[in-house]
Every structure is written in structure tokens, then in C-alpha cells.
Amino acid sequence: MQINRTGVGLIALFVLLGLAMCFGPALLGADLETSLIVGSTGAIFVLVGAGLALYARHAKGKAAHQDWIFQNGIKGSATILEVGNSHTTVNEMPLMKLKLELDVPGVGRSQVTRREVMPVFTANRMDAGLVLPAYANPENPAEFVLVW
Amino acid sequence: MAGPDATYAAFAAARGLEPVPALGLGALTPLLVESKHCQVEPAARGRLGGEVDGVVGHLAYTRNRTFRFNVALVDIPGSTALAPRLFCIRNGRSTRDDEFYGFEARHSKLWTESTALNDRYTISTSPYQDPNWMRQLFSPALVDYLATEPPADFSFELAYGALLGSVEDDDPGADGLAALCEATAHVAARIARECGE
Chain A
1 MQINRTGVGL
11 IALFVLLGLA
21 MCFGPALLGA
31 DLETSLIVGS
41 TGAIFVLVGA
51 GLALYARHAK
61 GKAAHQDWIF
71 QNGIKGSATI
81 LEVGNSHTTV
91 NEMPLMKLKL
101 ELDVPGVGRS
111 QVTRREVMPV
121 FTANRMDAGL
131 VLPAYANPEN
141 PAEFVLVW
Chain B
1001 MAGPDATYAA
1011 FAAARGLEPV
1021 PALGLGALTP
1031 LLVESKHCQV
1041 EPAARGRLGG
1051 EVDGVVGHLA
1061 YTRNRTFRFN
1071 VALVDIPGST
1081 ALAPRLFCIR
1091 NGRSTRDDEF
1101 YGFEARHSKL
1111 WTESTALNDR
1121 YTISTSPYQD
1131 PNWMRQLFSP
1141 ALVDYLATEP
1151 PADFSFELAY
1161 GALLGSVEDD
1171 DPGADGLAAL
1181 CEATAHVAAR
1191 IARECGE
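Going down the list, the sequences are from chains A and B.
The first sequence begins at 1 in this note's numbering and counts up by one.
The second sequence begins at 1001 in this note's numbering and counts up by one.
No lab work stands behind these hints: they were computed from the structure.
Among the hints, a few may not be true.
Here are some chain A residues the structure puts well away from chain B; computed CB gaps all over 12 Å [stated by the list, open to error]: (1) F23; (2) E82; (3) V112; (4) P138.
Derived DSSO-like pairs: lysine-lysine, alpha-carbon spacing no greater than 30 Å straight-line [unchecked claim]: (5) K62(A) <-> K75(A); (6) K99(A) <-> K62(A); (7) K1036(B) <-> K60(A); (8) K99(A) <-> K1036(B); (9) K75(A) <-> K99(A); (10) K60(A) <-> K99(A); (11) K97(A) <-> K1036(B); (12) K97(A) <-> K75(A); (13) K1036(B) <-> K62(A); (14) K75(A) <-> K1036(B); (15) K60(A) <-> K97(A); (16) K62(A) <-> K97(A); (17) K1036(B) <-> K1109(B); (18) K1109(B) <-> K75(A); (19) K75(A) <-> K60(A); (20) K1109(B) <-> K97(A).
Cβ atoms here follow ideal geometry from the backbone N, Cα and C, with glycine treated the same way.
Next comes chain B alone, as it looks inside the complex (with noise of 0.2 Å):
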């Protein structure tokens, strides 16, 4: 056993989590959809962090050339109603590399009120995003949490529902697996509860 599949065993036994040969995710956020079967392989669920649960896994695909990430899943059901999308992308991640459309459907808007943020992500919204609501959501803390602290690579997506963390690397070991667990826990965690305000 070598790579992703020793990483993950020993992350899981050390977590306590359950080991899982593949899963299919569903295609649940775009990142997933550009996986053709949106599974992850190796796999782990059970609690990644806080009082969140979900799934971990790495995820592998090719579009003109290999992709390689791992992520961690979350359902944060009642975020639909207030915000459908939001996705808060590293700075220069590429996720696709056969985009060539001039014309394309005006799916998404670009926040950038926070400067601390905009150095690191690129985050975007449905166009009809409501922008209070953006406001409340990243708080200060937030803002200050994610300009600081997640893994270098951290990229989140949040769609209808759907909570993906990722990291881009073939295997991030043990430690970049906490590391993306806790971080997509601390973004979900703070999500549901300005669903819930």
C-alpha cells in the first residue's frame, strides 16, 4: 500500500473514522462534475471535525491532463434558501483545461468587498446573491480565518446544499488531511449557523 491509500488508512484509524475503498459522491458541485464518475477513492467518513460529519476522500480525474485533489464533503441542507451558490476559489487553481466558449450563461458574480480575501480566493455567487446576507456570513472572523488559516491550497464550494473542501496534491499525508478536514468543519460549521440565524 503506498500513496493516497496508505495516507488515508492511517488517517482514518487515527480519526476514527470509517474506511471506504470508493465512493460515489454524486455530481453535487462543479469540481465533482468534472470527475466523470464524481467518486473518491480512497475514502473515509465519520466526524471531520467539530460537531461537523462528512466524507473525505481523493479525487482524480483528466480533462487534457490529470487533476489530482482530495476533498472533504459536508450537507449543509438548509443553505439552499439563502444561498444557492457560493464558491471561494484559491487564487489560480484550474480545474479545466478545454475551455474555448465565447458566449456563456450568467451564472456567477465575483465578491470582492474583502481585500484580505481577494489576495487569497476568488469568490463567486449566483449574480442575484444576496449581498447582506454575503456580509453577515463573512464576519470578520471568518474573514480573518480564512486569510490564515486552512491548508495553502484550500478552495471551498458550496452548492444547494453541498459543502466541498479541497486541496490540490496527490497526497497530502496525514496531516493535510486534518488540515482540510478541520478547515472544511470550521466553514460549514459557520455557514449553517447564519443559515440558522
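Excised from the complex, chain A in its bound form (with noise of 0.2 Å):
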């Protein structure tokens, strides 16, 4: 997962309408029981934009991993060999589970079995058969990522 436009403003949202709310009623004068109430509200909204954050940090860092290994790895292929869907999806995209058989030279064959979200359309075209382009990582084989 990566984070979009759309992401960047709504954490943006609610950092600044949290940190307003911690803060602005203070302020503006307002007792002590609507600062509190206001304010823990606010703290709440801060926390949920710093949780988003920390996620959009940790997806950049694990595309980081995944590009090292694209343009240090080992290509190879992998072929489908099952298709399931676990009937989970985020934000509409389904999260598929494929098995299949990695083929990577010097390493040889395997099997393995990858997660991955998709857009419904690639979701779709998966299927058994389909032989795809993957990259291992050298330094551990048995990490790799899957061109879809």
C-alpha cells in the first residue's frame, strides 16, 4: 500500500483540526469542562493522524525493501498455480492469496504462497497458468517480488 494525495490531506486534517481542537478552546477563553471535552477530542483525532502516519512510513520504507530487491535480484518467473480469494478488500481492492511456482535461476523451483491487494481488474486476470515476471532477492531467495 502507498500513500496518495488524498491520504497526505486527510492526515493533514486531522493533525491540524485535532491540534485546533486540543488548543483552541483554551484559547478562545472556553471553561474548563468544554477545553477538556473539546480537547480529548482533538487529542484523539491527533492520534489517528499520527497512526496513519506511522503506517504511510512503514509502507515507504517496506517499497524501499521491494525496489532494492527489483533492481539488485535475481529475475526469474513465477507461475500460478492457485488462485483464492480471501474475500477481504481494502478500500474495494481485493486481497488475493496465489500460489505458485517460483522459478528462479541458479536457486531452482519452489513453491510459495503470496498475499497480495489488487485492483479488481488484475484481481480478475489472475489465474492458473499465467506466468509472470519475479525478482529474487540474492541475498535470500526466498524473498521476492512478483510482477503483476
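Mind assembling these two chains? They're in different frames, but the hints should get you there.
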């Protein structure tokens, strides 16, 4: 997963609105009870924004690692053996479970399972027998990037 | 008979294509998926251009507003192992009007090495598409062709062996359909040749 402009905007909205709710009432001279109620709600907004930002950072780090494997990895192929739909969706995109036969030159063939969140059209096209490119980590061939 | 029906009937007759009232193409590319039933109506099938056979048809769907395209579909089965997905979309084209999510699957990467193409198209692939293959595919001849020859709104989507060329138009006329078919056939032949090398 990766954050997009809408996601950046949502995080900024949560954090800025939360901060405004935390400090606004006190600065505007509201009474203590009102300041506490609005401020605690604002704190929740800030925490949600911070959580989303942490998730986005984690996703960015994972993407950078996958980029490294793609640039430095051993190019092979992955043949789809079975396709399963987990019936879980992320933002309308299905989480697919793929059983693959991975063929990496110099390493050999192995059967692996991979879960991927995919756009609907991609998920629909995943089918047994489809051969996709794959890049294996030269330091750990069990770790690979599937090109779909 | 009026509009696309008349155009497709005349076009099929003039080009020796088999006219088909309606045809379900399946959820083969992102544009087809936007349409609920992935159906083109009317349609025709046969030789699109050069040595390339396929289907040409009118695609309409509604996602907040109604979108109307004319599409040409060609199979290039050998392309999946080299380029699972390659989208070359005319700049500014919109195919849906209701996408508001903040996180999305990391499913595409822009290919921006040709300024001549960047002026006209947004080209995207899998994030892990082999860049050397892309450079070989987009030879100077193909870049020049795509930048100057196809109809103004021409775009194409290559997804898992299916190539869909398209123009957004209610009724492009027989000449417009011919230009769509020629452009799609040209791109299909180029991709097939690159996959064979």
C-alpha cells in the first residue's frame, strides 16, 4: 500500500483539526469542562493522524526494500498454480492469495504462497497457468518481488 | 438506425468485418472493468489493420456521469511474461469520477523517459516493470508514431495479454473507427514483435 495525495490531505486534516481542538478552546477562553471535552476529542484526531502517518512511513520503507530487490535481484518467473480470494478488500481492492511455482535461475524451483492486494481488474486476471516475472533477493531467494 | 449503430454497420461493411450487435469482452483491462458488464454494443470483429485481428466496439458506462468510448481489442498472449501491464493514456483523460481513498495498492509506476510522449500521454506500468524492455519497446519510431499519428484521444491499455486501444467519443464516424483500428493494430504489432525478440 502507498499513501496518495488524498491520504496526505486526510492526515493533515486530522492533525491540524485535532491540534485546533486541543488548544483552540483554551485560547478562546472557553471554560475548563468544554476545553477538556473538545481537547480530548482533538487528541484522538491527532492520534489517528499520527497512526496513519506511521503506517504510511512503514509502507514507504517496505516499498524501498522491494525496490532494492527489484534493482539487485535475480530475475526469474512465477507460474500461478492456484488463485484464492480471501474475501477481504482494502479500499475496494481484493486481497488475493496466490500459490506460485517460483523459478529462479541458479536457485531452482519452489512452491510459495503470496498474498497481494490488487486492483479488481488485476485480481480478475489472475488465473492458474499465468506466468509472471519475479525478482528474488540474492541474499535470501525466498524473498521475492512478484511483477503483476 | 442512427449514431454508433449506423457508423459500425457502415464501417464493418466497408472493411469486411463481421458485425455483432453486442459482445461481452470480459474484465480484461481497467477501462473494460469500469463498465459493469464489460460489453461493447454495437461491435464488429475481424482484421483491424495490417496482420492484426480483433474486435472493435462502442463502450458506454455510468460512474456518476456517463462515459462513452470506442475500443479495439487485440490479443497479444506472449506479452504477459515480459510486460504484464502497460498503460498509455492520453493526458487528462478521466475514466471514473468517484475515487476518494487515501491509501492504494502500490500498483503502478510512471514511465517518463520520453518527453515527446509525456506531452501527450501518461504512461504507467507495474512498479517492477523491466526498464530495458520498455526502452526497447518505445523505440524512436514508435515514440514518433504515438506522438503524431493516432487519433487525438487515442490511448491504449496492455493487461495480461489483452491490448485495448480506445478513443473517447460518442460517434467517431467510420474514419475515426478506421484510425482507432489502425493505431491499435500498429501498437499491437510493435508489442508482439518486441515480445518475440
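Item checked: Structure versus earlier hints, numbers of those that do not hold, lowest first -> 7, 13, 14
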